[in-house]
Amino acid sequence: MTLELVIPDPRLAVEMRGIVRRFPGVVANDGVDFDLRVGEVHALLGENGAGKSTLMNVLDGLYRPDAGEIMVGGQPVEFRSPRDAIAAGLGMVHQHFALVPTQTVTENVLIGLDRPRFRIDIGRYDDEVAELAARHGLGVDPRARIWQLSVGEQQRVEILKMLYRGARILILDEPTAVLAPQEAQDLFRTLRSMVADGTSVVFISHKLGEVAQIADRVTVMRRGKVTASGIPISETTTAGLARLMIGRDVVETIERTPFDTGPVVLSMRDVEAESDRGLPALRGISLEVRAGEILGVAGVAGNGQSELAQVLTGLRHCSRGSVTVNGVEVGNRTPRDAINEHVAHVPEDRTGVGSAPNLSIADNLIMKSYREAPVSRHWSIDTGAVRRFANRLRETYSIAAPSVETETRLLSGGNLQRLILAREIASEPRLMVAVQPTRGLDVGAIVTVHRLLLDQRQAGSATILISEDLDEILALADRVAVIYEGRLVGLFDAADADVAEIGLRMTGGMASRPPEPGDAPRIVP
Amino acid sequence: MTTSAPAHQPDRKPVRLPWAILLERRLEIPRWLPVATTIGAVVVALVISGVILWFAGGDPIAIFIHIVRSSFGSLGVLSDTLVMATPLILTGLACALAFRMRLWNIGAEGQFLMGAWGASAVVLIPIVPAGTPSIITIPLMMVGGMAAGGVYGAIPGILKAFRGVNEIIVTLMLNYIAALWIAYWVFGPWSEAGFQLTAQFPKEAWLPRLSDYSSAVPAFSGLTVHLGLIFGLVAAMLVRFLLFRSRSGYEIRLIGDSPRAARYAGINVARNTVIVFALSGALAGLAGMSEVSGVVHRLQQAISPGYGFTAIIVAYIAKLHPYGVIVAAIAFGALILAGREIQPSGIPAMIQGIILFCLIASEVALRYRVRIERRMA
Amino acid sequence: MDPTIILAAGVASGTVLLFAAVGEIFAERAGVINLGVEGMMLIGAVVAFGTAVATGNAWLGLVLGTLAGGLLAVLHAVITISFQAEQVVSGLALTFLGTGLARVLGEDLSKAGAIALLPTLTIPGLAAVPAIGPILFTDQSVLVYAGYIVVPMAWYWINRTRPGLHLRAVGESPTAADTLGVDVYRLRYAYVVVGGLFAGLAGATITLAISPGWFGDLTVNGQGWIAIAIVIFAQWGVGRAALGAYAFAAIQRLLIDIQGPEQLFGFPNPFYVNHTLTFFLGMVPYVLIIAVLVAVSGEAIRKRIGAPAALGISYVRGERGH
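Chains as they are written, first to last, in the working numbering: chain X, 1 to 525; chain G, 1 to 377; chain R, 1 to 322.
One chain only, chain X, in its complex shape (with noise of 0.2 Å):
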């Protein structure tokens, strides 16, 4: 070994060298190095599992490297917590806000600082927090309470929360998931101008196209290890960089046979639904489905989609309109009815409603089916009836677990996905309500699970797939719903659809008038 000279280069904001993080069974970070130059917006790109997340969490103090070292401004570091991290100048905005939905926006911007030392005057905060969010044009009022802002108004709280602090060094987790195209493009902007200011962005992505646009230099990660490492931008190519990134030349093709219409499935008409909190969360929808057929639900969160899904699967009231499955009213009926009508759903949240993680594996898989022979006879259960069926749809839906005795909860979430995915079809669907069904997998489980959609296509079902995903809409559906604030305000054909003029309506703005409850369904063939 030579003896290096370390001299701190002053153009580095961090530097990270060797990091290795390991989780119980694997290697999430496997030896990475990574530098950020003051005043850039470098991004990190890799797909879902590549370990960039991890790596930024290691930067931010959450989890400690289990080998590596860290510098900041030229000056080793070891945080134990992202407190030590903020204190150094760095800050992270994650994926999911941690933010107190009761509390003002002004209180979640000074929960964990230091000052004041005991009464708060809020009127003053409220004061410094609105002038520091005009001067980066992050609008958003400080009175307000977290529930009653849209996430991209979150979002600029996590922004703000962290400029409040003084960091200068900013780690966004894949901002734009949750944005409409406009609102990213408004988060362009005020990276850019904090970058001009000299603040330092580390872009966590896995968007090639945003990636192209916003980044000065590129890092992408693969299975833990970097591909490659800061690259400036314009030295590279879309394909190059999916290449890096997949670590293969196509990122994924989805074959798809011409939709051949059947008869309608779904109908809606003039649904109105109430929130939790009592608001008006759908405000009149109208639609049809017909069987083998996809309809992609585009929309930013927080619009009505997951009220949309719930109404679908009998888990909300509407307050007016009617559903119908296959003729048969399952609006303002109970989610029992819904399964009746084979109604499945592929639910947002997998681990607080698709499944029960502290029961089997066979206890999940039979939640459609236990009221039906073979698994159940009158009153009784039939426990080797049970086992035989979780044991064919573990064999045929490749549930890698031990045994279908294993708990739920034990299972990564790509195996969750394809539990739930397993059991929603062999309920033999007529509609199946699929809720942002990729968010949170690796490519490997994104794929089974585009597959098994377009082969429900292929059988016969209806399908209603609501993404904040646009690609994926675009990629899967036949025809693409745009729903903004609880209506529908665009239905395109997906074929010829025009992504600008989709992203325009996500966030409300009008190209022609929404139509009206009146306005007979638009079905395009």
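It is worth saying that the hints were derived from the structure and are not from the lab. These numbers come from a predicted model, not from an experiment. Misleading hints may appear alongside valid ones.
One-sided excerpt, in silico: chain X residues whose CB lies under 7 Å from chain R [as the list claims (entries may be wrong)]:
id: 1; residue: P76
id: 2; residue: V77
id: 3; residue: S81
id: 4; residue: P82
id: 5; residue: R83
id: 6; residue: A98
id: 7; residue: L99
id: 8; residue: T102
id: 9; residue: E107
id: 10; residue: I111
id: 11; residue: G112
id: 12; residue: F118
id: 13; residue: R119
id: 14; residue: I120
We treat Cβ as the ideally placed atom computed from N, Cα and C, and that holds for glycine.
On the provided structure of chain X, position chains G and R as indicated by the hints.
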């Protein structure tokens, strides 16, 4: 946090030693572990109680030997222990059933009292004329006890299911109300000559005891074990079937683990809440019936030394398993029986509290394992 | 049946419920349910009374009784915060343990004679205020006055200070708080212990000021549970808890007084004529609690307010939650 690495583990502050003690989430729970931790917890609890007793100036070994001897030492005391265990089995099952659905029925005590009242009403109102044969009287008393307990149990169930009212507080308040209700009847309408108890039930209202058959089997002489024990054992089998072999049981377990998933699976959570609370109350009510009909043979104020509360611990020791309830109930029957002679009187309650604490603390061993790892230089 | 006497007595014995409820509010606002209030109050009561008997110093009894409640709460904190055990069960265990331990400690205390109580005060000037003066400021124990001070202080602490902001954050969204460097575990420990100290104080208030003496379990007689119900009634607000505590205690006192006179509003008093009917009178407070909870649940559904979001959920760093 979106790291897709499985099973996040908490990052603990490091102890600067050449090795590190890490708590790691278990991925698999070996079958023997729950039994082992339960036994371990009870042993630790007894050691702690022993230390406290020793500090209090007692001789813990002598006290524990006394407890064992005076509850299992001879056929006679074993029989007495089983008599004590009988109401605990039934109330323990009541708690285990409700707790499976994470319904905190702390009201087994009140439901027990109402069950005792309902059974007494059959002979004291009287619903059946004096002299009605046992074969009619006893089943009617069972129905009366279970109905009274079941209805009383359904009240918190209904309030919880349809108004979201905290069932812990409601069941506790109902315990006090039940005690006053009993007091009213034994001081008032059913008082025998102004005493605080009712007249003794006619013999037809007594559950048969082993000693009743001592003329045929001399060894049974003096044995007070009564038919209620069989009620308990049969109930345990039924509850086991209900929980693990029936559709309702599947629904109960699913709701208990995740009410939102249960609703998603098309299960009517509110209806199950009421049904389970009513069943739980009926089991506790049957315990009350068995106690007045099998032991006391009249209604009086002090018919329960807190069976309904001890049942909570019994259910927990049993890990909410019906057959485990039988074993735990016998152990606690012994503790209560022997405890009556122990001074100060608070010691059995204290030991119960310590056992419950050690049990829930021991559950951490089911979720985590301790790993000692050498630190890298 | 003098309303002033009834209300004054209600304020006095309501102070017990007030302390216990405020303590529970602190613990629950931090996200930890402690159902062991009854046990902690009993321990506080017996230690306070025992100390006063042994030393003749009621103030020392007050301090030790309060500390004893806090000590018992440490157990709950360890089990629920460090070991992440079910909070409901741990609280029940605490009640069993506290009850048993109090019986053991109080074995000889029921025969103890009169002790020196904490002093009572009449506030000059304020006592002369019509209507309010004779109720609130005349011949009340110092602890009753302490209650008057505790309520605004607790409110201010929770709603207007930095520690209060962190307290609320930990109970509503521990993950967010932790990410921002708030030590969730330490704060939850602290507030569970604060809850225990208040419960101990409440117990000591019984034996040293409100109804002196040791009567076994009957010394507290379910007031710990009523305090928990008051917390729900109060929707985790300190001011409303105080109102609930005083009002409930006044009603309890009224029910006792109703049994006294031969005539009630000019009619023969049924509870005087037939004494067994008083058992029904005894049920009224408990029925009232249930009725109030039902009413509040309707209000909570309507206004969509409720318990702290993370109440009852153990926080494990790195696991998904609130």
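Run the structure past the numbered hints and jot down the numbers of the failing ones, going up.
Checked against the structure, the hints that fail are numbers 1 and 2, while the rest are satisfied.
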